[in-house]
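Enquirer: Could you build all of it, start to finish, from the sequences and the hints given here?
In terms of my numbering, the first sequence opens at residue 41 and continues consecutively.
Each hint should be verified, as a subset may be incorrect.
[Said to hold, decoys possible] The calculated lysine-lysine pairs, modelled on DSS-like cross-linking and capped at a C-alpha distance of 25 Å, are:
id	residue 1	residue 2
1	K153	K460
2	K460	K257
3	K96	K317
4	K225	K257
5	K77	K96
6	K259	K77
[To be verified] The following label-pair restraints were derived from C-beta to C-beta distances:
id	residue 1	residue 2	range
7	V332	G131	20 to 30 Å
8	D222	T336	26 to 36 Å
9	E154	D222	20 to 30 Å
10	H152	R127	44 to 54 Å
Derived by calculation from the structure, the hints in this document are not laboratory data.
All values reported here derive from a predicted model rather than from experimental measurement.
Just so it is clear, CB atoms sit at the ideal spot from N, CA and C, and this is done for glycine as well.
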Amino acid sequence: MFSPEIAPVVNIADLPQYEGQAVTIRGWVYHLRSSGKVRFLVVRDGTGLVQGVLVKGRLPEEDFHQFDRLGQESSLILRGQVRAELRAPGGYEVEVTGLTPLHICQNYPIAHKEHGVGFLLDQRHLWLRAPRQQAILRLRDELARACRDFFYDRGFVLVDTPILTPTACEGTTTLFATDYLDRGKAYLSQSGQLYLEAAAMALGKVYCFGPTFRAEKSKTRRHLMEFWMVEAEAAFYLLEDILQLCEDLVRYLVLRVLERRNRELEMLDRDTTLLSKVSQSFPRLSYTEAVVRLQTEGVAITWGEDFGGDEETRLSQMFDRPVLIHRYPRQIKAFYMEADRDNPELALCVDMLAPEGYGEIIGGSQRVADLDILLARLQEYHLPQEPLEWYLDLRRYGSVPHAGFGLGLERLLAWVCGLKHVREAIPFPRLLDRLYP
RNA sequence: UCCCCGGUAGCUCAGCAGGUAGAGCGGGUGGCUGUUAACCACUUGGUCGGCGGUUCGAGUCCGUCCCGGGGAGCCA
41 MFSPEIAPVV NIADLPQYEG QAVTIRGWVY HLRSSGKVRF LVVRDGTGLV
91 QGVLVKGRLP EEDFHQFDRL GQESSLILRG QVRAELRAPG GYEVEVTGLT
141 PLHICQNYPI AHKEHGVGFL LDQRHLWLRA PRQQAILRLR DELARACRDF
191 FYDRGFVLVD TPILTPTACE GTTTLFATDY LDRGKAYLSQ SGQLYLEAAA
241 MALGKVYCFG PTFRAEKSKT RRHLMEFWMV EAEAAFYLLE DILQLCEDLV
291 RYLVLRVLER RNRELEMLDR DTTLLSKVSQ SFPRLSYTEA VVRLQTEGVA
341 ITWGEDFGGD EETRLSQMFD RPVLIHRYPR QIKAFYMEAD RDNPELALCV
391 DMLAPEGYGE IIGGSQRVAD LDILLARLQE YHLPQEPLEW YLDLRRYGSV
441 PHAGFGLGLE RLLAWVCGLK HVREAIPFPR LLDRLYP
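Expert: Okay, structure coming up:
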């Protein structure tokens, strides 16, 4: 191994700063080519790719011949001279003066060509090494950080909600059950909202960010069994405040990514002019208006029905920005949503649909603040009261109007990246009938 | 749970009207002093998803099961 004093260990992304200098690079073989006495070795290190050139006679004979043993993804350390080179991909290359393989491997399963989705998902642990997957993961990281920055800057306090819960939050979706020692069943959380409401009564403005579990047998491009959701809740907020807050959040997130992760978006061939439309205000439509617009376009839907994937797609394609649909019929929404005073048939709620057919990325609402109404709702929705006594307490002791929303990270990321399926938006997707790796 | 499509070499696929298995990539060997998914030559590689049926004969036709993909319902 080379001592760093002779040649500093450098990230490939930083190579231009080291032009003309000797450097050490640690990484993996991305690609190999040989022309006999001149050999090319494309190396990746997680920050980028660089071509190493081995010329017979210009490095120790033994190191030169190590090249023959290398296969794709063999790990290695190499030392060489950085130089600008127009013929090299990226404009810079390294003239290799020393090559030390760390681990030789052959038959790396993922070649530089088209592969089927099933195969790639089985190889997800290796697929992550692909430049495209790296770009997606970096964008995910940026969005996650940006969420935290957004809420921190606005005085929201991070409150971690439990993952193991005694009951369903909404009583609608199917939950993953697990044994809670000898105390019966526990369920994996499908939302932190109810707990967040309690925290909002303590701290005012709060949010949580963590994994969420839905045991629905959904098999579509928008569904995961396990996904990450950022949820916000604020005391004294009304529906209008939530509309503004979630619009501000999505605008902030997208602009942040445009500003800091342009390289990754470029690698994904994302058309960023579409994303930059978020700087304009988002259209707002009531559910009723949305139904009318759909009907005008010939979609068979009647007032009172929930939007399916098709309807969401059609609606989101009507605009070049995310659109906010508010005040759905109460019947098709969750028990905790406050009714509209002007029309009690309507819930004070909002869904944000991403453009380009990506569909729902946010769901939010103003919550029922009155104890008696909430009790009636539990009956109406056939929900047990006893396990929700603590939730009812929030209406017994200093109840205030409050509202919140949840944003699905993978759906947002899929839209930002222009992915065809959310399964690429999470490092290790959990899908129907797929729990490996 | 339902509907549609698929399962042939490690991978991506072709295989005509039923006649006994192919290509490219990858792997291996050799060649090449500037390659860009390099190229050239040679080579390795298969219970054609399982079971049953029709037939002289099934990768091919029929039935059934398994697995995968897409969608519906439901949701972020």
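Enquirer: None of the hints should be skipped; say for each whether it holds.
Expert: Okay, the hints, checked on the actual structure:
1. K153 x K460: Judged against 25 Å, a Cα distance of about 18 Å means the pair holds.
2. K460 x K257: The given pair, whose Cα atoms are some 20 Å apart, holds under the 25 Å limit.
3. K96 x K317: 54 Å, violated
4. K225 x K257: Holds, at about 21 Å.
5. K77 x K96: Measuring from Cα to Cα gives roughly 5 Å; hence the hint holds.
6. K259 x K77: Distance ~53 Å between K259 and K77 Cα, so the pair is violated.
7. V332 x G131: 20 to 30 Å: For V332 and G131 the Cβ distance comes to about 55 Å; the hint is violated.
8. D222 x T336: 26 to 36 Å: Hint violated: Cβ distance 59 Å, outside 26 to 36 Å.
9. E154 x D222: 20 to 30 Å: Because 52 Å falls outside the window, the suggested range is violated.
10. H152 x R127: 44 to 54 Å: Roughly 20 Å apart at Cβ, these two residues miss the hinted range, so it is violated.
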